[in-house]
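There are 4 protein chains.
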Amino acid sequence: MRPSSSTSEGLFGRLFADPAVDASVSDVALVEACLEVEAALVLAAADVGLVPGSVAADIAEAARSLEVDVDELGRDAVSTGNPVPPLVTRLGAAVPEAARPWVHLGATSQDIFDTSLVLTGRRAGRLIADRTDAAGDRAADLAAAHRDTVMIARSLGQHAMPTTFGLRAAGWLAPLRSSAGSLRAATDRLPVQLGGAVGTLAAYGDRGFEVRRALAERLGLPGGERPLAWHTDRSPWLEVASALGLVSAAVGKVALDVRLLTATEVAEIRTGAGGSGGSSAMPHKRNPVDAILATAGVVRVPGLVATLFAASVHGHERADGDWHAEWLPLRELISVVGGVAARGAELLDGLAVDPDRMRQNLDLSGGAVMAESVASRLAGPLGRSEAHQLVADLARRAAEAGRSLRDELLAEPAVTDHLDAAAVDAALDPRDRLGIAGPAVDEALRRYGRRTEATT
Amino acid sequence: MRPSSSTSEGLFGRLFADPAVDASVSDVALVEACLEVEAALVLAAADVGLVPGSVAADIAEAARSLEVDVDELGRDAVSTGNPVPPLVTRLGAAVPEAARPWVHLGATSQDIFDTSLVLTGRRAGRLIADRTDAAGDRAADLAAAHRDTVMIARSLGQHAMPTTFGLRAAGWLAPLRSSAGSLRAATDRLPVQLGGAVGTLAAYGDRGFEVRRALAERLGLPGGERPLAWHTDRSPWLEVASALGLVSAAVGKVALDVRLLTATEVAEIRTGAGGSGGSSAMPHKRNPVDAILATAGVVRVPGLVATLFAASVHGHERADGDWHAEWLPLRELISVVGGVAARGAELLDGLAVDPDRMRQNLDLSGGAVMAESVASRLAGPLGRSEAHQLVADLARRAAEAGRSLRDELLAEPAVTDHLDAAAVDAALDPRDRLGIAGPAVDEALRRYGRRTEATT
Amino acid sequence: MRPSSSTSEGLFGRLFADPAVDASVSDVALVEACLEVEAALVLAAADVGLVPGSVAADIAEAARSLEVDVDELGRDAVSTGNPVPPLVTRLGAAVPEAARPWVHLGATSQDIFDTSLVLTGRRAGRLIADRTDAAGDRAADLAAAHRDTVMIARSLGQHAMPTTFGLRAAGWLAPLRSSAGSLRAATDRLPVQLGGAVGTLAAYGDRGFEVRRALAERLGLPGGERPLAWHTDRSPWLEVASALGLVSAAVGKVALDVRLLTATEVAEIRTGAGGSGGSSAMPHKRNPVDAILATAGVVRVPGLVATLFAASVHGHERADGDWHAEWLPLRELISVVGGVAARGAELLDGLAVDPDRMRQNLDLSGGAVMAESVASRLAGPLGRSEAHQLVADLARRAAEAGRSLRDELLAEPAVTDHLDAAAVDAALDPRDRLGIAGPAVDEALRRYGRRTEATT
Amino acid sequence: MRPSSSTSEGLFGRLFADPAVDASVSDVALVEACLEVEAALVLAAADVGLVPGSVAADIAEAARSLEVDVDELGRDAVSTGNPVPPLVTRLGAAVPEAARPWVHLGATSQDIFDTSLVLTGRRAGRLIADRTDAAGDRAADLAAAHRDTVMIARSLGQHAMPTTFGLRAAGWLAPLRSSAGSLRAATDRLPVQLGGAVGTLAAYGDRGFEVRRALAERLGLPGGERPLAWHTDRSPWLEVASALGLVSAAVGKVALDVRLLTATEVAEIRTGAGGSGGSSAMPHKRNPVDAILATAGVVRVPGLVATLFAASVHGHERADGDWHAEWLPLRELISVVGGVAARGAELLDGLAVDPDRMRQNLDLSGGAVMAESVASRLAGPLGRSEAHQLVADLARRAAEAGRSLRDELLAEPAVTDHLDAAAVDAALDPRDRLGIAGPAVDEALRRYGRRTEATT
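For the record, the sequence lines run as chains A, B, C and D. Mapping the first sequence onto our numbering, position 47 (from 1) lands on 47, and the numbers just tick up by one. For any residue, its number in our numbering is found by taking its place in the second sequence, counting from 1, and adding 1000. For any residue, its number in our numbering is found by taking its place in the third sequence, counting from 1, and adding 2000. For any residue, its number in our numbering is found by taking its place in the fourth sequence, counting from 1, and adding 3000.
Hints should not be assumed to be uniformly reliable.
Covered stretches of chain C (chain D as the covering partner; in silico rule of three or more C-beta atoms under 8 Å from a C-beta of chain D) [to be verified]: (1) 2145-2156; (2) 2206-2216; (3) 2226-2232; (4) 2305-2318; (5) 2381-2388; (6) 2415-2427.
Anything over 10 Å on all C-beta distances counts as not near chain A; from chain D, calculated [claimed, not checked]: (7) SER3008; (8) SER3065; (9) ASP3071; (10) GLU3072; (11) ARG3126; (12) ALA3144; (13) GLY3205; (14) ARG3207; (15) ARG3259; (16) ALA3263; (17) PRO3288; (18) SER3404; (19) ALA3421; (20) ARG3447; (21) ARG3451.
In short, the hints are calculated from the structure, not lab data. The C-beta atom is built at its ideal place from N, Cα and C for all residues, glycine as well.
Whenever a hint applies, use it, and build me the whole structure from the sequences.
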């Protein structure tokens, strides 16, 4: 087959996509999948005795070896509004004349095209899920390696209290893993489509169910036993779209954190050589390129998900526009999330953590982030609210004076009456205020940790 | 509690919403749920021995009986950016002074507010699923009643081939049922939220897991055994949003078909008195109001789903804006889909089918829609493609001459050599070209049919 | 230049796009525009004396003749996250060594890439506006030709009162014309981008304003006098996106009406040969393919507009992801609306109107749509509300009995006491209830009518 | 009029909205505007002689004084699908019987409701534009005050080169001002709607144009001279929606920068008391609450804009669902952007700038950000590319060794051969690399500076 344009990477294929994913849903892949469906259809019809076996074999063989000029096919698709009729014409011309009447038997264009989107979408979904799992594996490695690496947690953009980088990485891991699972489940559930012109499979007489089952079996797709075609019920795609959105959100979280943590003033992590773009004008810069490119994809996902929902209400037996509206946004969404997942995996692959800088940043606020810890130790003697108020006052005073909270505490009798210097130091030790961070990482790793079977 | 504004229906509550659903996520319902969570939290902390039992009982009682002016609470929420801190202040003021330090123990605002959204969202989700199932029940009734009611199927806006109204209604039923199931599953999976300020539950020392489990148990929520808080992993909401989108698409399909089939020229169905608005200016009009109002909601859903996906990437340990961005779109989406499901149920409730008009419309094209059927009977003697071509020519000639296809067929020797008038009539009988329509309805009813347990 | 993949049409380029529009924003067009900007930049710097004239001429000449392998450039773009740095490297290698330091002088990647998007976007915008105006011309022709062709107007899907097809077509014309104007204005306002690394144009010392002005002048772009770069102010693109959305809505209206009016039961218009796809399975069908394909594009527009708004908030001096997020949605939106406009023009080009069928449909409801007209003539003698009620009752009775309203009216003494048969007939004549339809068409044609200068 | 629910602020009205804006588009405001339109309509009809003057005066007076229970009206709206018919019924009951036939004369519900949305939307738009201009005034003050306050500019999240805070603030100012202008223009262009049942104004005979003109004049609205109703041409709303999106993007930029610049490690600005929320659990925190709440609104805007575009394709003479779909998203968008603008104005009002910290952050990278400046001074003697390479090497070496770039430069003979210490210091002085920053601020203030006439 003459390679179509869309299999080439062009200016943006490497920036925003994953070449393997794009190839799996390219023009060529779609046309090949259509031919795969046409071949399986006639063989299925032969399976149930509606087509002579030798005729089916001839057609299947012709479908397998058909050479199609995709650009030309695209031009011929205009008069009917979809590429299946001109493809059927080509296939018909390639089979022995006697076999011709059995080509595309009983099917409508949407049967073929939907099923080809299912086949290619399933392949793409698996690739993306694998990339996402690869990112998850690396997040698991980071969580394990940094189970006890203390850093400042930030909420609403501000220093909050201590946590560990391990817990942060475990928080990346869980949605990476679960979204990969959702995507695999959604694409593996994509059913075969076969309804004939209006969903009745009328051309097969009363044998329609059998043909549908045989087709599903031959293609290895679920849905062969469904009573109804899904010409107007687009929930299978909506579930895939939602799962792709989950993957995007999971990787987007990693990318956002990386952008935040690599900011010059924060600098708690560094991205790898591959993902750290220099600037021709500014030699000192190391931009977190993978995170930026992943982000650029993540931003595009909600609009594409919305478009698929917007196109999901199909009138009568088959839609007059909304079906056609699905094809490119679906492919675009797959391509974008493919790129997002690939960038996410690469990004995590090259991530270097700087525990010293983390500790340094944690100390920036002179112990103020430990105020709650101190207050809780004074709650017994002073009462909770007075203790809270006292420490808050001291923290504010320390901040205004540019002194450390430790110094303020040790200069305050209401504190030193109850806590000696060692007790104050213990209260100010962030390692003492990590709560369940360690065990939570352990349990997250047990649940979501490295998949030994993960591919890529 | 002083009823907040948002529990009143206003100008649009009946048009575009479902009062019961709206009430379940109203301002008042949210504040009550926050107090329910605060009560459960302190009781859970008592369960694991972190709070004296009597103190917990006092706080829980105070939470249950607290009177809150919601407008005032809303004003006080501005300085902290969310309503939980001023609510905690009110609750603190309502408990004995000795109990005050244990109020809101170890929780962050997001713990309380997310869990209150979970509680209210779950109630709303169940109501919407029930409405959707009620619509499904009615679709099942229609499918059963019209299993053999022949009508013309339409694809791309044009007459295609015969089908039955039963199959159309079964095609409504399946996604109504499956989307209701998806919504129940997604809302029932919504987990308890408890992470403390930064996800470490540090205030509970090493007892954080126990408190979380006890809280989940007390609230009857899943997620108590999760290792991680989901402060920044918003997939639970995304799954709810997607399921709401599926419900909307399922009802939207019914509404679109009703708008199409009630069009004056088509008139194959009529909507009930409740859903058929007259026009003051035009006494002859019967507008399919329920279908129109459902449609108006359906149009709004993709943008709201997109917004929730757009708000789903949360930085650091807790987000600086995207969390806040979720609340109203989530509630809006629930309200809109609540309205859509309610309109859908009402719409289907009043639907009247006109089999005579269906038959009349089917005959409009003078048998041309049966052309394929005739061609298939001539395929043996003439060869498939020649038979196809012959009938196509006759159909075109009939259309141009304003004659019926039957007359053209009986005037053509190439036809009458092989088919007599009875055979032509049989070929033109739409009941003979319904394929699997009947059994498909039967099987759809077996799978998705009337839920005897459905509430509403 | 080796043609990139994206200039080929592939499977969908003809279905959903306009090859000329796509070519104007292709990978190759973008790279060529980048080189055009680099050339203009160095010439502008020479204009103000910052670069020796002969050096500038050498660089400009090299930019004009540079051969770039777009796929390779795309691969090299990954390390920096955008294609400008590797393009600058190639350009640098192509100029005499002495000229090399002046290549890309003082610019940042975003300056070059934004300006190249401006240049290509402006070309694309003009093409799309021309297509839209061509559609408008045809709508004007239809409005003029059918100024007095009576048809039934429909509101909320139901027959309402008489109108003319001319008024309908004038209603197409106005937004086609105004959206084309908005698009031209928005793309013609797109300003030159030049800010240097951080918007200060520091590399030009105090000559930055002069360079910017000279660059704008050389490229024929506005914005040379703006005090600020627009690195983070994306309103120019948002205005283009909105204008593209207006075009889409304008064409979408035509496409929707065509889908509605070509429905088998309505059949008041027919689409041309080019836009009326047959169906291989159903020889009698004539699908309004152009309207369907236009619709498929229209559905995709809101999500793309939303994406550009979502990507429009850029942090600090230049964004870390949202800038990159713009490129492909912007190009996609241009491509989609290009396709929409092209399909709209083709669709209108082949539209045939069937005045007889229009009249036939208008008569379907047996005069009931004229009820208001009759009532108004009885308002004098009977009082407005009683007259209204009487006619409403008669209309209902007629509908139920399957008789015409005329017969009911003439059998009712309360009517015949005041109106004789001729008066009843006059009241029932739709031509008498067209209000301002005719003059409104005349005035619309004066304002928005055929553009003699329209290209395409 | 009994105040409807929607005029109360509830739990979220102060967080995410602007009470004045919300009041201007409340249920009550809409109903009052409907009555205002009904009054103006009958007076306009009297102006042209179609209604007796005293009858018109009676109806207008009744409309002005009508008491409406909005909840009840909302319930009664269900049967017709919009609130105008039951409102007309109420108005009819309130006028003398003889006047009743002239109530709502010749109008359709959409005429009244669209025009009431126009009236309320225009008021809301002006309020929002005023808030936005107030924010702009404060940005202008900041730009003026900090014209020469040096700070590090950041691109892609990383330190880039020096700029001034004045230039940053000028970059806020420009889109605040231009978006306020766009919003005013779009809302002031909103035209009167009057078309009658199907756009022909048939009930006025041939006087339709005159009535429309008179109505526009009475309401002070443009569009009186338009030949066509805009029942199905929704571009006026799309232009308002786009302008609201521009306002949101302009404020969103400020909010994002504030979130970035208040991050604990950056801390170059502080938000005011009103906008700096403490945390009950963490006394040291000062959250940029206004920026967070503004952000929460900004995130919601693209989905709402998309919804209005999605609802903008209206079939036939009046739509069967898409018109209804506009109302709430339009009001929601107004409310959200009202809140965004209000938060933006408050946020800027309390903003404190810390020039010392800015200078401190600028020095963080030890002069590396000035590398380009040094390189440019060595370009003469060493050649541009060699100078660039040399300085890049020294910067890298300095970063790795934890030394300042100055020290590295002064230790390198290839540098000191050409630059002495004073020259190196000059090259490293950021004030020397600000390019056009100062004059650009001056010019921006001239163009967009403080509006003495701004209200609020």
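Each hint tested on the structure:
1. Counting residues of the segment 2145-2156 of chain C whose CB lies closer than 8 Å to any CB of chain D gives 4, so the stated coverage by that chain holds, three being the minimum.
2. Counting residues of the segment 2206-2216 of chain C whose C-beta lies closer than 8 Å to any C-beta of chain D gives 3; at least three are required, and the coverage claim holds.
3. Check result for the segment 2226-2232 of chain C against chain D: holds, 3 residues qualifying (beta carbon to beta carbon below 8 Å, three or more required).
4. Counting residues of the segment 2305-2318 of chain C whose C-beta lies closer than 8 Å to any C-beta of chain D gives 12; at least three are required, and the coverage claim holds.
5. Coverage of the segment 2381-2388 of chain C by chain D holds [criterion: at least 3 residues with CB-CB distance below 8 Å; count 3].
6. A stretch counts as covered by a chain when three or more of its residues have a beta carbon under 8 Å from one of that chain; for the segment 2415-2427 of chain C and chain D the count is 0, and the coverage is violated.
7. Separation of D/SER3008 from chain A is adequate, the least Cβ-Cβ distance of about 28 Å exceeding the 10 Å criterion.
8. Residue placement check: D/SER3065 keeps its beta carbon more than 10 Å from all beta carbons of chain A (closest about 44 Å).
9. Distance check on D/ASP3071: its Cβ is at least 31 Å (rounded) from any Cβ of chain A, clearing the 10 Å threshold; non-interface status holds.
10. Remark: the non-interface label on D/GLU3072 is consistent with the geometry, its nearest Cβ contact in chain A lying 33 Å away (cut-off 10 Å).
11. Once the 10 Å rule is applied to beta carbons, D/ARG3126 is consistent with being away from chain A; the minimum gap is 30 Å.
12. Every Cβ of chain A is farther than 10 Å from the Cβ of D/ALA3144; the closest lies at roughly 27 Å, confirming the non-interface assignment.
13. Under the 10 Å C-beta cut-off, the non-interface status given to D/GLY3205 relative to chain A holds; the minimum distance is some 39 Å.
14. Against the 10 Å criterion, D/ARG3207 stays outside the reach of chain A, whose nearest CB is about 40 Å from its own CB.
15. Some Cβ of chain A comes within 10 Å of the Cβ of D/ARG3259; the nearest lies about 5 Å off, and the non-interface call is violated.
16. The beta carbon of D/ALA3263 is not kept farther than 10 Å from every beta carbon of chain A, the shortest such distance being approximately 5 Å.
17. Annotated as non-interface, D/PRO3288 brings its C-beta within 10 Å of a C-beta of chain A; the closest such distance is 7 Å.
18. Every CB of chain A is more than 10 Å from the CB of D/SER3404 (nearest about 12 Å), matching its label as outside the interface.
19. Chain A leaves D/ALA3421 outside its interface by the beta-carbon criterion, the shortest separation being 21 Å against a cut-off of 10 Å.
20. The claim that D/ARG3447 is not at the interface with chain A holds, since no C-beta of that chain comes within 10 Å of its own (minimum 28 Å).
21. No Cβ of chain A approaches the Cβ of D/ARG3451 within 10 Å, the least distance being about 31 Å, so the stated non-interface status holds.
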